[in-house]
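First to last, the sequence lines map onto chains V and U. All residue numbers for the first sequence refer to this note's numbering, where the first residue is 1 and numbers rise by one. All residue numbers for the second sequence refer to this note's numbering, where the first residue is 1 and numbers rise by one.
Keep in mind that the hints are not guaranteed to be accurate.
[What the hints assert, rightly or not] Derived lysine-lysine pairs resembling DSSO-like cross-links, with alpha carbons at most 27 Å apart: (1) U:Lys-197 x V:Lys-208; (2) V:Lys-87 x V:Lys-114; (3) V:Lys-208 x U:Lys-258.
Calculated from the structure, these hints are not laboratory results.
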Amino acid sequence: MILIGESIHVIAKDVSNAIKERNSKVIQELAIAQAKAGADYIDLNVGPARKDPEEMMQWIVDVVQEVVDLPLSIDTMNPVAMEAGLKACKKRPLLNSASNKTESKQQMLPLAQKYDCDVVISVIADYGMPPDLDARVSSILEVVEHANNLGIPNERIWVDPIILPISTAGEGQRHAEADLEFIKILPDLLPDVKSTVGLSNVSNGIPKELRPILNQTFLVMLQRNGLYSAIADVLDEDLVRLARGEMEDITNLIYRVMDGEEIDFSSLSDKERDFVKTAEVIMGKTLYSDAWLEV
Amino acid sequence: MEYKAPIESYPGVVREVTIGKGNKAIKLGGENILPLHFFDEGSRPNAPKFALELWDMKPEDWPEWGIEPFKDVISDPVAWGKKCESYGADAVCLRLVSTDPSVKDSPPEQAAEIAKKVAEAINVPLIVYGSADADKDAQVLPKVASSCSGMNLLLGPVLKENYEVVAKVALDHGHTLIAQTPVDINLLKELNVRLSKFCPLDRVVIDPLSSALGYGFEYTFSLMERVKQAGVIFKDEMTQMPIIADLGTECWKTREAKESKEQALIWEGVTALSFLLAGANVLVLRHPDTLNLIREITGGNGK
Numbered sequence: 001m002i003l004i005g006e007s008i009h010v011i012a013k014d015v016s017n018a019i020k021e022r023n024s025k026v027i028q029e030l031a032i033a034q035a036k037a038g039a040d041y042i043d044l045n046v047g048p049a050r051k052d053p054e055e056m057m058q059w060i061v062d063v064v065q066e067v068v069d070l071p072l073s074i075d076t077m078n079p080v081a082m083e084a085g086l087k088a089c090k091k092r093p094l095l096n097s098a099s100n101k102t103e104s105k106q107q108m109l110p111l112a113q114k115y116d117c118d119v120v121i122s123v124i125a126d127y128g129m130p131p132d133l134d135a136r137v138s139s140i141l142e143v144v145e146h147a148n149n150l151g152i153p154n155e156r157i158w159v160d161p162i163i164l165p166i167s168t169a170g171e172g173q174r175h176a177e178a179d180l181e182f183i184k185i186l187p188d189l190l191p192d193v194k195s196t197v198g199l200s201n202v203s204n205g206i207p208k209e210l211r212p213i214l215n216q217t218f219l220v221m222l223q224r225n226g227l228y229s230a231i232a233d234v235l236d237e238d239l240v241r242l243a244r245g246e247m248e249d250i251t252n253l254i255y256r257v258m259d260g261e262e263i264d265f266s267s268l269s270d271k272e273r274d275f276v277k278t279a280e281v282i283m284g285k286t287l288y289s290d291a292w293l294e295v
Numbered sequence: 001m002e003y004k005a006p007i008e009s010y011p012g013v014v015r016e017v018t019i020g021k022g023n024k025a026i027k028l029g030g031e032n033i034l035p036l037h038f039f040d041e042g043s044r045p046n047a048p049k050f051a052l053e054l055w056d057m058k059p060e061d062w063p064e065w066g067i068e069p070f071k072d073v074i075s076d077p078v079a080w081g082k083k084c085e086s087y088g089a090d091a092v093c094l095r096l097v098s099t100d101p102s103v104k105d106s107p108p109e110q111a112a113e114i115a116k117k118v119a120e121a122i123n124v125p126l127i128v129y130g131s132a133d134a135d136k137d138a139q140v141l142p143k144v145a146s147s148c149s150g151m152n153l154l155l156g157p158v159l160k161e162n163y164e165v166v167a168k169v170a171l172d173h174g175h176t177l178i179a180q181t182p183v184d185i186n187l188l189k190e191l192n193v194r195l196s197k198f199c200p201l202d203r204v205v206i207d208p209l210s211s212a213l214g215y216g217f218e219y220t221f222s223l224m225e226r227v228k229q230a231g232v233i234f235k236d237e238m239t240q241m242p243i244i245a246d247l248g249t250e251c252w253k254t255r256e257a258k259e260s261k262e263q264a265l266i267w268e269g270v271t272a273l274s275f276l277l278a279g280a281n282v283l284v285l286r287h288p289d290t291l292n293l294i295r296e297i298t299g300g301n302g303k
């Protein structure tokens, strides 16, 4: 599993301030911490980058490359900033991201071809988020064909089904099930493409202390279905260990839930029970609520 | 080949909840079929019940056709409650509007006194709704619970913000709770899980927050459907409670209801019928003509 460290993200207040003030220390510390924790890529999410996009992107790429030797994932909606970032990277970067939106096909995808980089392509279409599995499949087939025509081979494409929060008014669980299925059938749809997800979004909006177990469990489930990489919180130690296959007991337990087994709780520790409950929620076996571990 | 319609049977049962005491008591819920699926295996032992609402103060903004059936009792909650009963309501719903800090901020003691008098005067169960101001209700509802001790009111709304204060006192005094969450099945389940830590689940009725036709109605409708499906098909214990559709006030707030009597009655009637289809077990209405209309359409028993 390739892990892309998500912590340099403009939504984080200290990161957005650091970018504004060109404070390299904050950014470099986050890069180093994530590299130490086991990140394979460092994501640089600078948001829309309205002000001085080229200079800012050049700066952040440079300060991160000064301290870590990892490839970077350049994460912005601004094509000008994107190009500046891709240009500045020493190692083959990941363009994060393009989509099936017309604008993205016109402005982002050609950059992936021009700079011969890897590219995340999401299922988002001009009308927004495709509502179900079928719509996601047809959207991704459309945009990948377009990318192929531009000369971008499947091996360079990392498909993103777009994970949504599981807690959204009863709809989130349906999406989680669709994500699992999407990742499972992807090799048949598009041989040789890779895949990635914005993992932490599954736990967006729920109490902070409950986020890790949801992220961790979902990662194990997606990984079993063939997920290639995840943009994730690599500072979560257990998450990295699970991704590296170092917590076999938990992984096997989650697999048993996926296989539909009725798990006998009496033989389990509290922690194991929590993983079972979480997997059951993600499978849609039980209705989600923020109190899902208390039932 | 002859066609045989499939017959489903489901593992889950909606809990049977009793409100009111002694010969005033009525039962809600108890079904192990989806709403109106009488063709499947199972039954619905208790037909939906209908309450008429009254306010603890003279309403200022009701159209005259809303006041008309109650005009001689509109300033007297006790007489108003009896009037509701005389129109054939299965229960009476007292709404403590005046306690709302943005209305009159009337004191908890006054609300408790009115609730007690109304409850004693009628021969059907009493439903009591506070103002839904979480802080004020935390003062008002416990007082109501104690003044009506042992009468098994259906009392609420119990909210995420005040359930610890309200629910315990209400249970100690032998009442049943209305657990209310804002049109979200995940929040609804969460509140029920929290209540389940100290509250028998056959003392809870779900209020998913109803809205009027054209004013967000469909959100509540699908939510009620999902609650029933989760409870009956998927046996989710935390959603196996009867549902209250508190719709009268919402319908009479609409522009349409204020324009003409005909529109008001149709609005309330169609909204109520639709919530019956979604599986509501007890419906709070405002106008006796709506009650009669629904009784006529459903053959008197909600079928």
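Query - Hints that the structure is at odds with (numbers, increasing) - result: When the structure is compared with the hints, only number 3 turns out to be violated.
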